[in-house]
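*Asks:* Chains as they are written, first to last, in my numbering: chain A, 1 to 188; chain B, 1 to 188.
These are calculated hints, taken from the structure and not from any lab test. Nothing here was measured: the structure is a model prediction, and the numbers come from that model. Worth double-checking, as some hints may not be accurate.
Copies of the same chain look alike in the list, so a pair counts if it works inside one copy or between any two.
Said to hold, decoys possible - Derived EDC-like pairs: lysine to aspartate or glutamate, alpha-carbon spacing no greater than 16 Å straight-line:
| id | residue 1 | residue 2 |
| --- | --- | --- |
| 1 | 4 | 143 |
| 2 | 4 | 141 |
| 3 | 42 | 83 |
| 4 | 160 | 23 |
| 5 | 160 | 178 |
| 6 | 4 | 22 |
Letter by letter, the chains look like this.
Protein chains: 2
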Amino acid sequence: MPQKPEILEARIVAKSRLFTVEEVQLRFSNGIERTYERLVNKGQGYGAVMVVALRDARTAVLIEEYCGGMDNYQLSLPKGLVEPGEDVLDAANRELMEEAGFGAQRLEYITHLSLSPGYMSQQIAVVLARDLYEKRLPGDEPEPIRVDSVDLYALGELAKQDNFTEGRALAALYLIRDLLEQRGELQR
Amino acid sequence: MPQKPEILEARIVAKSRLFTVEEVQLRFSNGIERTYERLVNKGQGYGAVMVVALRDARTAVLIEEYCGGMDNYQLSLPKGLVEPGEDVLDAANRELMEEAGFGAQRLEYITHLSLSPGYMSQQIAVVLARDLYEKRLPGDEPEPIRVDSVDLYALGELAKQDNFTEGRALAALYLIRDLLEQRGELQR
Numbered sequence: 001m002p003q004k005p006e007i008l009e010a011r012i013v014a015k016s017r018l019f020t021v022e023e024v025q026l027r028f029s030n031g032i033e034r035t036y037e038r039l040v041n042k043g044q045g046y047g048a049v050m051v052v053a054l055r056d057a058r059t060a061v062l063i064e065e066y067c068g069g070m071d072n073y074q075l076s077l078p079k080g081l082v083e084p085g086e087d088v089l090d091a092a093n094r095e096l097m098e099e100a101g102f103g104a105q106r107l108e109y110i111t112h113l114s115l116s117p118g119y120m121s122q123q124i125a126v127v128l129a130r131d132l133y134e135k136r137l138p139g140d141e142p143e144p145i146r147v148d149s150v151d152l153y154a155l156g157e158l159a160k161q162d163n164f165t166e167g168r169a170l171a172a173l174y175l176i177r178d179l180l181e182q183r184g185e186l187q188r
Numbered sequence: 001m002p003q004k005p006e007i008l009e010a011r012i013v014a015k016s017r018l019f020t021v022e023e024v025q026l027r028f029s030n031g032i033e034r035t036y037e038r039l040v041n042k043g044q045g046y047g048a049v050m051v052v053a054l055r056d057a058r059t060a061v062l063i064e065e066y067c068g069g070m071d072n073y074q075l076s077l078p079k080g081l082v083e084p085g086e087d088v089l090d091a092a093n094r095e096l097m098e099e100a101g102f103g104a105q106r107l108e109y110i111t112h113l114s115l116s117p118g119y120m121s122q123q124i125a126v127v128l129a130r131d132l133y134e135k136r137l138p139g140d141e142p143e144p145i146r147v148d149s150v151d152l153y154a155l156g157e158l159a160k161q162d163n164f165t166e167g168r169a170l171a172a173l174y175l176i177r178d179l180l181e182q183r184g185e186l187q188r
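Chain A on its own, in the form it takes in the complex:
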């Protein structure tokens, strides 16, 4: 493992309701100094979670909602912030109920995925949810979310659609397909 650069100084250079930008002065182990910026999402203090919920052996739940960043409707996985005092599996189940109208009898933590490690510390937990039942909790969404689904063996086709682009959601789906195949719980 290489020797980490020394942080000479860190200060906040921009701030909004949701985001804080920190400017960091670094000295690498070879003496070279650089100024980096990193972004902190203030809403994410307790973490975030993304759910791969299986409706049957090979079909995962997707949701479609308006995405402010891209200014269009995109398909993705149910996801959201972990609330104070909440377990990551409970948060996954709550988001699944709020966004997709399902609860899960079986929840399993898989891994954490980062967004853009060069600029952000932000990571999202990936949770596998199985044995679903219908259960809706009211969420804070401004309009009803459309629920859709994808065959775990049609992820390449899904990625070709203009309304599915989110890298970490695609990674979570592939990862779970791979894991279930390795365990002998899924066959092509």
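Knowing the structure of chain A, use the given hints to seat chain B on it.
*Replies:* Chain B alone, transformed into the frame defined by chain A:
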């Protein structure tokens, strides 16, 4: 396709060297109004590219570098910004030469992946690079980058490592494995 919310107002609320945060007032088609924030990365005006470079039929190049957001060293794919006037395939090849010391005789655009479509418009092109040869171009990195590799059939194991977390890089690797399998160019 649902009717998009109307943007009532958009204004910049925070700004740093790299990032701009815009606050957007939206009115959804059901009349509900919300205030969203979206983040613009000013460096990405010409786009960005991520390269899956195959050293042989099933081995992809990885690089390890210091990630300011997570304040540690992470493995990921070679990637970077497209320069003004540069083609996305040329940018992929240049980044591969700068970061990993390889050029590619065969480059193929695969898709675009988004980062966090709820908050950012940012997308990255995924390029498949094959028929590699040794060629190093000087980059702007503060210290030498360690070059590593991964077997396309060991992605689940890779995702378990603490020093590999980036969702979109994992998605790009799985996507290309899937694509090559479907084309009959890769066998387990």
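*Asks:* State for each hint whether it applies.
*Replies:* Going through the hints against the structure:
no.	hint	in the structure
1	4 <-> 143	between (46 Å within a copy, 11 Å between copies)
2	4 <-> 141	between (42 Å within a copy, 14 Å between copies)
3	42 <-> 83	within (13 Å within a copy, 32 Å between copies)
4	160 <-> 23	neither (37 Å within a copy, 30 Å between copies)
5	160 <-> 178	between (20 Å within a copy, 13 Å between copies)
6	4 <-> 22	neither (18 Å within a copy, 33 Å between copies)
In summary, the structure is inconsistent with hints 4, 6 from the numbered list given earlier, while agreeing with the others.
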